[in-house]
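Full structure from sequences and hints, please.
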Amino acid sequence: MQIVSNGIYKSILHRVKVSSESSKISVVSFIGTSLESVVAPLPQLVDGADRPAAFRAVTYKEYIELQKTQMLLGKSYLDHLRL
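If you count the sequence shown from 1, position 82 lands on 564 in my numbering, and the numbers rise without skipping.
Don't read these hints as lab results, they were simulated from the structure. Model, not experiment: these values are computed from the prediction.
Here are the simulated DSSO-like cross-link-like pairs (lysine-lysine), alpha carbons at most 30 angstroms apart as the crow flies:
1. Lys557 - Lys543
2. Lys550 - Lys506
3. Lys557 - Lys499
4. Lys506 - Lys557
5. Lys492 - Lys557
6. Lys499 - Lys550
7. Lys492 - Lys550
8. Lys492 - Lys506
9. Lys492 - Lys543
Each pair of labels, with its calculated beta carbon distance range:
10. Ile494 - Ile546: 14 to 22 angstroms
11. Thr551 - Val486: 14 to 22 angstroms
12. Ile507 - Leu527: 30 to 38 angstroms
13. Gly530 - Lys550: 32 to 40 angstroms
14. Gln526 - Lys499: 35 to 43 angstroms
15. Asp529 - Val509: 32 to 40 angstroms
16. Asp532 - His562: 21 to 29 angstroms
17. Arg538 - Ser505: 37 to 45 angstroms
18. Ile507 - Pro534: 40 to 48 angstroms
Beta carbons are placed, not taken as given, at the ideal position from N, Cα and C, and that holds for glycine.
Right, dumping it as structure tokens:
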């Protein structure tokens with residue numbers, strides 16, 4: 483979301499506090515696209531000198547691979563995509 487919104491919406495690390503006194507139900511849903519689709523800031527959110535693109539465009543495949551490898555290293559994949 484941070485890439486597509488050109489930094490308007492920030493990505494956050496999801497954390498959960500476990501409680502032995504109450505139960506928790508998690509529902510995960512994934513929506514994917516073609517691996518060749520492009521992940522980039524929306525053109526209407528990029529305005530030349532006033533608001534340049536904050537991230538480079540990548541394929542969805544590259545985005546997923548970068549996200550996985552950086553997570554294993556404990557780093558943010560966004561740092562590799564910032565312009």
